[in-house]
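Asker: Build the full structure now, drawing on both the sequences and the hints.
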Amino acid sequence: MIAAILSLTVLGAILGIALGIANKFLKVEGNPIVDELVDLMPGSNCGQCGYPGCVGAAEAIVAGTAPATCCPPGGKALVSAIAAKLGLTVDLSALGDDGPKIATVAEELCIGCCRCARVCPTDAILGGPKQIHNVFREACTGCEACIEKCPTEALVMKPVPVTLQHWVMPKPRLA
Amino acid sequence: MGFMNLFKHFLGDDWGVHPDDRKRPAADRPLRTMPVPEKLYLPLQQHLGGPARPVVLVGQQVKKGELIAEAQGMISAPIHAPTSGTIVAVTDITAPHPSGLTLPAIILAADGRDEWIDCQGCADPFALDPAEIGKRVAAAGVVGLGGAAFPSAVKLTGAARSKVKTLVINGGECEPYLSCDDRQMRERAADIVDGIRIMLHATGAREALVGIEDNKPEAIAAMQAAAAGEAEVHIRPIPARYPMGSEKQLVQVLTGKEVAAESRTFDIGILVHNVGTALAVRAAIRDGRPLISRVVTVNGNCANDPGNIEVLVGTLAEEVIAFAGGLKGDGIGLARRVMGGPMMGMQIPHWRVPVVKGTSGILAFDAQEVAAQEPDPCIRCGSCVKACPMGLLPLEMSARIRNSAYDEAVGIGLKDCIACGCCAYVCPSKIPLVQYFVHAKGELAAQDRNKLRNDATKKLAQQRQERLDREAREKAEAAAKRKAEREAAAAAKAAAEAAAKQASETAGATEGESA
Amino acid sequence: MTPATLTAQTVASPHAHGGNSVSRTMFRVQLALLPATLYGFWLYGWPAFFLWALTILSCVAFEVLSLKLMGTPRVKATLFDGSAVLTGWLLAMTLPPWAPWWVAVVGGFIAIVIGKQVFGGLGQNVFNPAMVARVALLVSFPLPLTLWVAPLPMSTLPTPDFVSSLRIFLTSLPVPDAMTSATLLGHAKTELARGIDLATALHAGPDLSWIGMRAGSFGESAAVLILCGGLYLLITRVITWHAPLAVLAGVAIPAAIAHAVDPGRFLSAEAHLLSGALMLGAFFIATDYVTSPNTTTGQIIFGLGIGLLTWVIRSFGGYPEGVAFAVLLMNAMTPVIDRFCKPRILGRDRKGKPLDIPENA
Chain H
0 MIAAILSLTV LGAILGIALG IANKFLKVEG NPIVDELVDL MPGSNCGQCG
50 YPGCVGAAEA IVAGTAPATC CPPGGKALVS AIAAKLGLTV DLSALGDDGP
100 KIATVAEELC IGCCRCARVC PTDAILGGPK QIHNVFREAC TGCEACIEKC
150 PTEALVMKPV PVTLQHWVMP KPRLA
Chain Y
0 MGFMNLFKHF LGDDWGVHPD DRKRPAADRP LRTMPVPEKL YLPLQQHLGG
50 PARPVVLVGQ QVKKGELIAE AQGMISAPIH APTSGTIVAV TDITAPHPSG
100 LTLPAIILAA DGRDEWIDCQ GCADPFALDP AEIGKRVAAA GVVGLGGAAF
150 PSAVKLTGAA RSKVKTLVIN GGECEPYLSC DDRQMRERAA DIVDGIRIML
200 HATGAREALV GIEDNKPEAI AAMQAAAAGE AEVHIRPIPA RYPMGSEKQL
250 VQVLTGKEVA AESRTFDIGI LVHNVGTALA VRAAIRDGRP LISRVVTVNG
300 NCANDPGNIE VLVGTLAEEV IAFAGGLKGD GIGLARRVMG GPMMGMQIPH
350 WRVPVVKGTS GILAFDAQEV AAQEPDPCIR CGSCVKACPM GLLPLEMSAR
400 IRNSAYDEAV GIGLKDCIAC GCCAYVCPSK IPLVQYFVHA KGELAAQDRN
450 KLRNDATKKL AQQRQERLDR EAREKAEAAA KRKAEREAAA AAKAAAEAAA
500 KQASETAGAT EGESA
Chain W
0 MTPATLTAQT VASPHAHGGN SVSRTMFRVQ LALLPATLYG FWLYGWPAFF
50 LWALTILSCV AFEVLSLKLM GTPRVKATLF DGSAVLTGWL LAMTLPPWAP
100 WWVAVVGGFI AIVIGKQVFG GLGQNVFNPA MVARVALLVS FPLPLTLWVA
150 PLPMSTLPTP DFVSSLRIFL TSLPVPDAMT SATLLGHAKT ELARGIDLAT
200 ALHAGPDLSW IGMRAGSFGE SAAVLILCGG LYLLITRVIT WHAPLAVLAG
250 VAIPAAIAHA VDPGRFLSAE AHLLSGALML GAFFIATDYV TSPNTTTGQI
300 IFGLGIGLLT WVIRSFGGYP EGVAFAVLLM NAMTPVIDRF CKPRILGRDR
350 KGKPLDIPEN A
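Protein chains in written order, with numbering that gives the first Met the number 0: chain H, 0 to 174; chain Y, 0 to 514; chain W, 0 to 360.
Watch out, some of these pointers could steer you wrong.
If we take Cβ atoms under 10 Å as the criterion, some of the chain Y residues that face chain W in the derived model are [as the list claims (entries may be wrong)]:
{"#": "1", "residue": "17"}
{"#": "2", "residue": "21"}
{"#": "3", "residue": "92"}
{"#": "4", "residue": "98"}
{"#": "5", "residue": "102"}
{"#": "6", "residue": "343"}
{"#": "7", "residue": "346"}
{"#": "8", "residue": "370"}
{"#": "9", "residue": "385"}
{"#": "10", "residue": "390"}
{"#": "11", "residue": "395"}
{"#": "12", "residue": "410"}
{"#": "13", "residue": "433"}
Everything labelled a hint here was simulated from the structure, so no lab data went into it.
Think of the CB as a built atom: it goes at the ideal place given N, C-alpha and C, for glycine as much as any other residue.
Answerer: This is the structure in structure tokens:
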């Protein structure tokens, strides 16, 4: 009886010390998963999530204080990637995502005020003062930062058209 | 022999399937040539590689065979007017593609005269420089007519550069229902052999092996008769088995050599071309005529009068079917429209889709042929493993793709899949295996694109940040400079004032002194 | 038409199908089992028929119940694939022909619920459901599971009629001693345990019989008929020769060697091949798609493993028969075999590296 108690106590103590030492010496600086999430994210630091940049959002998602769905430019694809990485189950159907969107300028409404170009995180809007502005499709991340700055509502979000080159065969429905 | 056959029956094939070929009666009917339709729809991308660039204006008159879109980039092919007429528009039309999406095309209204441009033929192609043949084939817009539509000239010149020794000519036509190659081999054997000899000359290969499946005895006989006098052209009957016409399988059966993964047949000294391509090369060199027409098989249970028809590229499938005798009951019972063969062809959304250079068949299937069914769960029977000509594990790959583990699927060979369809054909559970693989390949490509885009975005954001920083710094520097200048100016002014004061004082003093 | 509606209908090639189906496969296997089953009815009378029918019935019932409980939308389609019927049939083939009714029900429950549906249904189970049930029954209820009646045509007692058969089946009355008999393997084991030489023991024991005129389960009853069913499956390409041949070889080779060395201690290869559930195991259990390896090499290893383990269990183990245990053990090995036995990808070596390109091809 005493031998059993003793041996278990000693075992517990040794293992506890080992764990303590391991914690001290094998400590992981920062959370590697945060970096992995940052790699997945659009990286434009647009701020729509309400966190300071993509790193902030990634930290919040890992900490569980932000939902995986907090990044609008990332869309469904990002949500499913994050969910896969963190092992979360996310209801994608509630996301109401119909593909990525990008900003487009309604040329008849643009007054050339340059306010949109100033906030764009990727410099995707081109145009001088008093000139009609335009959006580079390839550079726009769809962060919507410019939309509310426009005084004439000339900027609208439009879905990126699917082309033959970008079309993906749909996954078969599950049996 | 009987015992051996029984033994083989027990052993089974090590790859492929034996689908019901359904080639007859279409294969036994003579070729028909379709008259020029009213309008032709010519997509700018009918080949693998970069799309062609239009060189005509709307309203321009063109003659038959005139260049209307030039090749763009290293791997591309030009497009020529299939008949004389007027360019009506350059616009988007429905692509011959399962997505039903559009692609840009030139629309040509025929004037009915069907007037050729002056064709620069060549009486003795064997006197031409091989490089010149490559150039002429490229200029004629010849692409592989077997289905993949890879620009032929790229292959010819590449083969000449890597010094291939053997030219393998694919007359296998292993897809069920299709008989366009069969029919051409029966009717145009001499021209095909001539085309093969031109290709031999162009590549510097020593011999040509023509593989023809043994379910086409008439084609084998015709080709053997045509090649009788040619020492370097060998007609080789091969067992009928799908996918015998696939490049790697055909090379292995004909030459016994195995094409290494991630490499091309060039690397083992072999070039593969289709029999139809041999004809197109011959026309391009002998007659100087570009590729503007091809033979298409119209078949399927819903087709009234199955057969092979020579049509101009750009003719709508609708019109080809109408010429071929229409659909039974005007399309009642039509379950699926397919361009190409049943094993690898594409479902198309409607018949108003043009025939392109790579279209080998127009098939109208009824429900019984398609045999579409709700898939059952996989019972791990391993039929797909036995059928796979590439030695893959389709059931394992599809299970991983189902869980979106695309990288794992790549790890067990997804990239080696040739989408031949054998696995899905034999699957007792009717699992759409090929769709899983095509989906995964598309998804992986999209992921790659996304990654590139993400990197570009990050770079842009970083550059913007740098720019903002630089601007702020410059602003601050400018401000500091201005302040410094102001201070300097103030100091100078103060100094000057002081000096002036002193001067006046001294002046006063001297004045005083002088006074 | 919007792109969305179009994509919903999009299907990839191929636009044709070979016509094989799960239900056709299951039907063919059942057809192959039919001759041996009918022969078993003749040998063992009405109780055997009741056992067979109730085993299948309970398997189907538990399948329906499980599917309903899990809320599977395709109950009907799943039922008509015939897999539950086949599981029940195979289980019945391995039971003593006069086992009482509750054995059938409990067996059906273990096979379908524990052996199959818990893993996720058809195609997901690791172990052969019929073998799981058979082994679970054997270790839980050893007495009714080892009570073998002698074939009726051999018995001196009158054949029970329909009503008395029903009574035997439902009341699990003790079977009169005159009707019971030991199986060949069981007899050999007990005699060996008593220290009696096999040569003398077998002289007085049950005869070996190709036509099943001896005590045993359904599946044991007529090795020849089971073999015929297996050949039918081979000809119709439902199964391939690899696994069955490997199982038979895996038993026959060590048995022949050991018998040659010590005939008094080890049974002959012929006795092994014709006894117990070996034929049934080789042609119907080892070829079970779900729980066997996918590649032909894997199937040969799998089969040899079953054969060898069977022989080892029969010769040295505590139980006289070992097919079911051997199958379960090799089922557990299947994922490992599948991992290491992969077909070579065309153009790649076994490790998946592209082949070397010859220098001057």
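Asker: Hint validation: residue 395/Y versus chain W, beta carbon distance must be below 10 Å. Holds or violated?
Answerer: Given a least distance of 8 Å, the restraint on residue 395/Y holds.
Asker: Go through the hint on residue 102/Y and say holds or violated, using the shortest Cβ distance to chain W against 10 Å.
Answerer: The hint is violated - residue 102/Y has no Cβ within 10 Å of chain W, the shortest such distance being about 14 Å.
Asker: Can we keep the residue 410/Y interface hint, with Cβ of chain W closer than 10 Å?
Answerer: 8 Å, holds
Asker: Does the CB of residue 98/Y sit less than 10 Å away from some CB of chain W?
Answerer: 7 Å, holds
Asker: Against chain W, with CB atoms and a cut of 10 Å, does the hint on residue 21/Y hold up?
Answerer: 9 Å, holds
Asker: Let me know if the C-beta of residue 92/Y comes in closer than 10 Å to any C-beta of chain W, holds or violated.
Answerer: 15 Å, violated
Asker: Does the closest beta carbon of chain W sit nearer than 10 Å to the beta carbon of residue 17/Y?
Answerer: 9 Å, holds
Asker: Does residue 385/Y hold up as a contact with chain W if the rule is Cβ-Cβ below 10 Å?
Answerer: 8 Å, holds
Asker: Answer holds if the nearest beta-carbon of chain W is closer than 10 Å to that of residue 370/Y; otherwise answer violated.
Answerer: 4 Å, holds
Asker: When the nearest CB of chain W is found for residue 390/Y, is that gap smaller than 10 Å?
Answerer: 4 Å, holds
Asker: Have a go at the residue 343/Y hint: is there a Cβ in chain W nearer than 10 Å to its own Cβ?
Answerer: Given a least distance of 5 Å, the restraint on residue 343/Y holds.
Asker: Can residue 346/Y be said to touch chain W, with a Cβ gap under 10 Å?
Answerer: 6 Å, holds
In the structure shown, a violation is registered for the earlier hints numbered 3, 5, in ascending order.
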